[in-house]
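Asker: Just so you know, the sequences run in chain order A and B. Heads up: the first sequence begins at 1 in the UniProt record's numbering, then just goes up one per residue. Heads up: the second sequence begins at 1 in the UniProt record's numbering, then just goes up one per residue.
There's no promise every hint is true.
Stated by the list, open to error - Some, not all, of what chain B presents toward chain A, calculated at C-beta under 10 Å:
id : residue
1  : Gly452
2  : Phe470
3  : Tyr471
4  : Lys473
5  : Gln705
6  : Lys722
It should be emphasised that the hints constitute simulated quantities derived from the structure, not laboratory data. Note that the Cβ used here is the ideal one computed from N, Cα and C, for glycine as well.
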Amino acid sequence: MAISSRQQEGFTMPELEYMAQCESIAIVPLYRMDRLELVRGTVGPFRPPQKTEVPLWLAVMLKRTNRCRIVAPSWLSYEHLYKLYKREEEPDSLFTKLPQHYLEIAYMLLTHAEDDVEDSQAIRRLLQDLREVRQSKTQRGFEMLNPTQLQMDNLSAAEINEIRPLFRHSFDMLRQLDALASAADGTQSHQLQQLQQYDDSQPYSELDDAFSPSSYLR
Amino acid sequence: MSKAITAPRYAHAEGYTAIAFARGGQFVCTGGSDSLIRVFHASKAERDQEAVTLEQHSDNVLSLAISKSKMLSGDEEGMVFSFDIGASPLSSSESLSIEPSGTVLRSTLPARDISISSGDKQVAIATDDEEVRIVSLLDMALLHTLAGHRGSVNSVCYSPDSIYLVSAGCDGTVRVWDMRHRDPSCVHIMHKLAYVCEPGNNMEQFKVRWSLDGRFIAIPCSDHSIKLVERGSWEIAASFAGTHSKMITYLAWSSNSKYIASVGLDKNVVIWDVAARKSILSHLCSSTPCQVEWNPCNNMLAFTDSTGAMYVWDDVVPVEQGHAPPFELKATEHGTLVRDKAQAGSAGAANELMSDLFDDTADINNMDSDRMDEDDNGENDQEDDEDEDIEDGGEEIVDALDDFVIDDDGAGYVERQVPKWAVVGDPQTQSFQPGSTPWINNRRYLAFNMVGSVISIAQDESHNTVEIEFYDKSVHRDIHFSDSFKFAMAALSESGCLFATTSREFVNDQSLRGATNADEVSVISYRGFSSWSSNSDWVFKLPSKEHPRCIAASTHGVVVITSQGFLRMFTCGGAQRHIQSLPNRVVTCVAYRDMVLIILEAAGTIRSNHGQKRLEYEYILLSMDDQSQLATGYCPVAPSSEIVWAGFSEEGHPAICDSKGILRVLHNYWKVGNASWVPILDSRKLAQDRGRREAFWPVAISAKQFIVVTCRNKKRFPPFPKPILDELDVEIPLLHGDTQVGQQEAKYFSDRIFYEQLCGEAERTSGEYPGGGSAQARDELEQDKMILRLVQLACKADKTQRAMDLALMIKLEKSFDAAIKIAVFQKQSSLAERLMRMKETKFASDMDYEDEDEDKDEDEDKRNAASNVRDLSGLKTRHRQPAAMYGRKRSNSNTTSDSNADEPSDIDNVEVNGYDSGKDVVSDGGNAAANVSRGGTASSRPPPMPGALHTANVGGSAFSSTNNGDQDLVVRPTRPPTTSKPFNPFGVVSPSKSMEIKRSDSFFNAVDLHSSKLSQDSSSESIAVVATSKRQQPEGEADGTSTEPRKQARKRVEGKGGSTSANGAKDRAQANLFSFAFKKGDGGKNNIDDGNGKINSTSAVDIGDSLSADGGAGDDNGMPLSVSQNEE
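Only chain B is shown next, with the shape it has when bound in the complex (with noise of 0.2 Å):
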């Protein structure tokens, strides 16, 4: 039968040539003795191209390792390299990537082999040594020797669950270890199995090689033959014989285990089916083959020789002839589907660099998500399957695997495997420090957060350092201890730090190693920083079953969440204070002066023992304080990510980050059972967007922005020094985010949000708004400049609809109008009428409100009046009409009868009213502001509000002269500004009177530091003033300098009142409100009818003109602002 076999393919020079194939089967990597490490695609149609060379090497290469992130290549001379294979090993060439990314281990022997353990954690490396040596691969610390080798240790392999490591030295002696324990021990040992044979030559070595099912140890037999071991019981299961006549040096498990490929001595390949046991192909080579790979996803077998040459071989097994292919049928068929995944998704890479990087303390996490990303991408589908195949396969192996514990760095972590899905119990839930990272190049941080950083950095065996870093200098200074109880948590505070050790079930530290496991007890220690106490550090020693799983602290006191479930509170002196139980699935907790965020693993987690899971979590939201609970529920994540930080803002939102990048803030969490968490950055998105492959590794949020340390060159964590923070400004993922409406939408919402958290804060603590009063006014009318630019937009765009329910969303009534204005402004008639009816319903109840507890406080008024009569301009005090229907109503509306009928319950304003309304008989013609003001001194006072003021001030003085029985002549003096700018409230209406509205953009700049309350207030006075004025001013016989103007104003008036004459029996109640001002001065109450409509229209006007004059004056004057009392 013909071979499909390549020619050769001289790769090397002549000599010993390691293969190995990337997982994915795309690639072929292969090292010779000319110390270069060749990469060749290995597919057919790209077989010819170029290969990609790596001269990391300088001595004979001999070993090579791949997995699924990584190659290994160890050389002649002892040094063992490591390579990150690009984000896709799967797709196409154009991204293939092997970078350098380290030297693994400088060993003075050659280094014969090596096998990575499952999630890239560690590796194994025999170099000619008595002696096997573990080491990991995150920061390449030798974590194990492992010694019992008598002879060269040549061949290592780990099980594919890397629970297991077979080892096999020149004396033919074949050791497996359990890997599992802190102190790998070895479990089984195999005399005089293999072959034994000479050390240091290459050629005549031996390797050993475990199933990818997990079952068995294939190894090469003294009498030339292959004996399969099985798992567990280590007897010999199998031997296959007869086909190699002379030592066998490499053998490699088909991807399915259900081949073997070997090679010899007597340059045979030989291909072996291992159900049937037996050999049924093999081939002979012109000259030694040194070592022989299947390809893992395709009927594909490549060897090198001892020429240096490659060859490849396709079709290998017969399938046409009845037998199984050499890898899973099911793996190709996701095979299509895997490609177009890899190459659709340079961005799944991405992702997966991006949960990868998070992963920072948990090195199960690690693995799973590994294990995960390699099953998103199909490319482990065998696995799955081998997995199925041990169940399938037999009850005993079931069992081994039952309750076995992965250790696999001395990590101390423990897994039950449990077949398919599983709830999750206690010992499996991960919990981490936010902000702290693994052992690097023997230091880690602590903890990392606003305040500072804590680092420990390992020094021997005995004790660590710690150095505490503070941001801020001039607060405290930096601190050094030596540690001797090697601190495995730190939580900062601003007035001191916690820390505490652990068991090393709960931890990954290697610096851990060898320390007495059975009655380890936990200690937590606390440093104050504060200096006037002169011992303020203190130490407690917990029980020895009870180890700290998280702890947190705060200025309030520090919180101990410990692996019996219970949260023990301490206050920052160290009294106990409070203690609780909690569920035993605590994952990370941290405080903000008197609240904890603790965040648990929901009931909901399921965990597959594929690695898997589907991680759902809960949070607790606890007062420090008064220990109640502020909040609790789900704790939601973006699908298959977890969280990997969790914390409060610099104002205290409590905040989370998940592994995908995005972060959450929980807001409401002051309202009872309103809390929800509400995301408010995407930051692998804003990576994206950058075009950077970076990733940021959270640290705090302060004032809007998520502040991260930039993780750039595939680093996961940050560096040492402590690196420059990065700011990343809040981007509320809302859709089309790239408009500028979808800008504008988010930027509103995330203020909108901040400023609520910090009015909650404030409510919930009863302590102020930061910045007080003036802040909080300051940040409210920030938030209706945005709605209004929206409003604006949607104007524009013709989305009427749209800007009227933006419009709802205005607070301040102030910025209502200013909306209004926009309306006329972009001539959108309908919209401006349908807000000014939604005005009167929007903020009528406030001005109900408002006006039984006004008041006004006379004297200070009269002392402004002085002041700011020169600013009152007609057109201050006319805009404040639709207020006055609105706001006035109530005292006014009891002179008329009709209106009587709808508010029955003022009685007690008649007399007041009355006495006004003879007042604006008094100063009728015009000077009816003063008299309507007057209305608002008696019934109710506006606080002093300096646009309000100068209406009511004119009030003020308009009684004081009254009183005097000499109104005329105090009062004119207050008439010129009335009257010296002619007013034309409906000279906005037509388009060419756009230069007036044009001004309302001062809006924008002018209005400032308005206590909001205040100005709606203040508004809902003055335009009763105006109300009142104007209708007088038709009627118009006193005060001949005023009423040409208004004439004309009025005669629009009626040419508009059509549009709206149509208003219900509630807007008719209101312009008879107006009507009882003049009532009485000219009896017309033939105008109260037609002014029906007409009102309304010109109130639509007046009030944008008002607004921006209100805000004008109130920056011109600066105004003390101040709540005046009532006096009734």
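Bound conformation, chain A alone (with noise of 0.2 Å):
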């Protein structure tokens, strides 16, 4: 295998684009046409100007062939964005609710339809400071570290993606180290059978099964 081991631990950005391109989303087709009929499903028919959800792939496809205008989904607009940074921006605030592949939808609607989104300049620039609140605050979850788990709730696909490795190999090595004392200890067995017990329940296999293609794709 020619991937480096850096890859096969997390996903490149297109990988992860590849992925989203599943999402489904709205658009409003230029041209009449019948259904289609997809391996994931039939989609259509397109009779304008009336909205239909396509999978982003055939939205962009499309808009691409100008057949279509994509609607922006209700939270790619400034407005929302902007609640959504402020939200952010509040100390001890939780990660705010965006979808599992916010950036990747984003980021394939401003680059090939930016002019079905409106204030597409002032979105990208919400969007990288949104982007960057989130990366402060995960990288502030690497001191909470621990061996058992570390909770935290909508983090997008490619915010996952990007502490993985590091996660990954810290989690590892904390866990080994704990098992390392406590079978140091050695007195407190229940304490050991704990840790098997979140061995059996939680093997990493399964772990990264939740961050595999197959479950993205459904």
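Combine the two chains into a complex, taking the hints into account.
Answerer: This is how it looks when you write it as structure tokens:
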């Protein structure tokens, strides 16, 4: 396999983008078309000017050939993002709710359908800000790293991907150390049991599965 | 005497300071030389609160003007900004919102004075120029430049009715302009009356002001007096002198026009009593006062001085000394009410917003509704009283007011101002095109529908550009052309676009400014989109006195309704097809295929000179093809609202939307004399529910959805470029719409309405139901499913009467069976019984009818038989019993003597039935199913509905085998399915057997795509089978395999029988029907009697099961449906 170890651990941005392409998005078709039978299901029929939900990749494809207008999702508006940004900025705030692939979707829409996104420049800036705020939050999360679990709700796919390599190794290492420590103590068997239980219930392979492409593709 | 003047409030830096009160008197705004505008609370209690500061200007603010919804401010560098005053300037501080809403004018010279016309339509601005500029507040377009002054103009003021404008120049000349005409003309000039002052000196300017009752203009004159010039005669009616010793720089009328306050360079603030023509009070200030204003709703005066301070003078007029208060008492009496209202209703404000929003074409409407809104708020009561004052005041004024024409922005509409209420005549009817907007930044939509949009772009004096944009780019490419006619309206259809110019009288179109008026000729022009014909465009010129009021186009032709009251109909190719006279009160018209919907103002419409109105509408629905009138009648709108949109749904439902956002469809228009308007959506409520301040601009209706443009940020009209359309689901305003029941009811109701419309339209045009018969059946079934859900909800809530009412709405017999089953499942046994009886009456007539022309295609049945026999389970066959009682009644009853009396007419069936019963004997012992089917084949054939087919097929095969004399051999193979599932018809009654019933859920999934009628037929047929077979089982000699479970069943029947034994004679007769089948076989006449009630109760259960079985079978087999022929 000609994939570097770094890549094996996470996804590359294009890979994530590829996964995000299965998210559905509303378009306004400009041409009348019948239903399209896709592997994933049927989409359409396309009857302008009525909105239709299609997978993102199809929307982008149609947009490129100027056969549709993409309806920007409601979260991709300046007002909404600004609200989220303000909330993120508050100290001790949790991660705000955003679609799992928000960065990828926003990136794709802003590249391919900029004319369909209102205030695209401002949104670009806001997204950048939002991402930075969230990034700094995840980084603060490192401090709380422990051998059992670390909860970060509403983290998007790209953000998880970003921290995955580091987290994975750190978790591994911490766990090993923890096991060693408790073994060294050798006193509290139930602790060990607990650990084993934990081992059984959450093997890392499963954790990895959660981030594997198959789950994205449903 | 002590004066209640507050301490100076240093609002601004030293310099000229402007002041203005909000219309409600709650706020006072000041603008000063620090280029700020500050908004203070006026009331005593809140006066010390912090002021709101607006930092829009970058130079000294010199002038302020406030109307109901706008504040305009002008500064020394010539910028005039407008601000939107929040929803209710009347209410408390929380709701105060003043938002910058744009630049009205950029001039190079200081904006000295600003006056807003009534209805916030236009604004007159005096700069240190020699011209007065009139700017439209709708689109900030410069409408007029009034030239004439020699010397810079320092003051302008509209008369309260906006007919006249008075302006004063630095050379002391006062001019009165008549604003009614397209080109406002100067009607009166008073030379050297006012001060001659030095242009550019802020402090030494003066203002002229129109009294708020419209009777006088107050002019500060060079002899330090204030002279009142009377409207109309333009004579000096009074002169107030003696108090001011230096130049009078500013004056203000109290809101009831009883007092004038003036300030002068002599630092005096003087209050004049107009009636007494003398000053009653004066106050010497420490520094030069700049401006003074009355609180419109209070005995309060506010003035500013050159130090930038603001003073408030409470209780100015000494009311206790017998002076009349400076405002209408009535207004304050209402005041409390007003405030309550204002506080109660941001909803009310939203309403206003909406009603404003939809006033797209009609200027006068805008004005009226604005005024009306004010009246609603009581804010404007004083104005009303003023009008009364005018009437009391003098004949000549009434005369003067009697027949003026408002034309405040060159729109050219006409309104006769008559005292009190009056019936509206022709010229007042304001017509509009659905989907058109006024000019916004030199662009406007002429048409906007589901085909596309037509945009007109103002280019220059000679031409506009028209763009036709389609949604579906595959059908047509966008069209752009240069439009030298300056089309004012357009109607877009799939096959072409009709354009028309019209008289300025009928349209609010600034781009027509300067057009010739006297001999203007209107043009209609059609642009066909069809590509095959070479020259599909055509143009007509109308006679010089005839102008289009509204136009409509569809695929079947185009319609032009003109000011002469003619409805002219053309084909798409331009052939003149029809002409018809209509009352000249047309509001709008739209076309869809061959239908034309024309909305007229009804004769009941009344309008007052205060702008209040009560609009009523009528509609006419015409057919273009044969020029017949399909429907006509009143066209309801919500109280004090007007129609803002009319159209057809994509399916052809005529629809209107009023300014309160209620969408209505014309239902039953296909039935002569039955048309009625059904409200299907309250879009404003929807917006409120969403909690957003948005307005919906209607575009179309399609497939139970209201297609709109959502306008946010207080915009009224769709923006450019063309926005994405939003779809609002239709939501019928039934009560308790937030509960599950309410939602289901509303959903059912809307489904039914649209279903009926599709059926009606198909029938009217003798076309096909869209999607064909299968779609129709599916839709019908969908509705029944919804009722069933409601039945279930009602049963759950123990509302048995309601459940029964609902069940009666069911269309398909099959669904009715399901309803019974639901009742049983919900342990509403009395309901189930009742429903059973209902079912007899409800479906009996259908059955009888169908019996006569039912037939069966034997061959096909046989073909199907082979494949279907396997599916024929006992369950399936046996459940058709009840229908047998009604459905088979006629044919079968002939053999039993007692029921012959009931059915004397069916003599021809006797023979057949005799034959059949012979068959029964042959195949007796559980194979009765086959026998009765034989009866069916002979007398009436069931159509090959899947479920029915099974039984019918059995019959068919039995018959053929009988002919061979080999019936036992052939029939037997069909038996196993009936016995394979032990059947317990009463299992469902006992709670423990509820599992069986649960399968009825499959009804929702499994039953699909059956033709409704067919399924009814078939179930009747198959039920007949069951009935007889069941009766035979208990006797059960022949077939040992199936008797055991049936005996059990029978025992239960007998247990249950008591409850239903009290059935009427009809039941008995029906029960007798069953007897005939086995009578010959076992001669067990006694069974008939005890079977009486039992059969009924059995069937109650059976049907439910048969239904699911039936549906399942239908789905499994996917049997082709066809109506078979009657053999006899």
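Asker: What are the numbers of the hints that this structure violates, sorted from low to high?
Answerer: none
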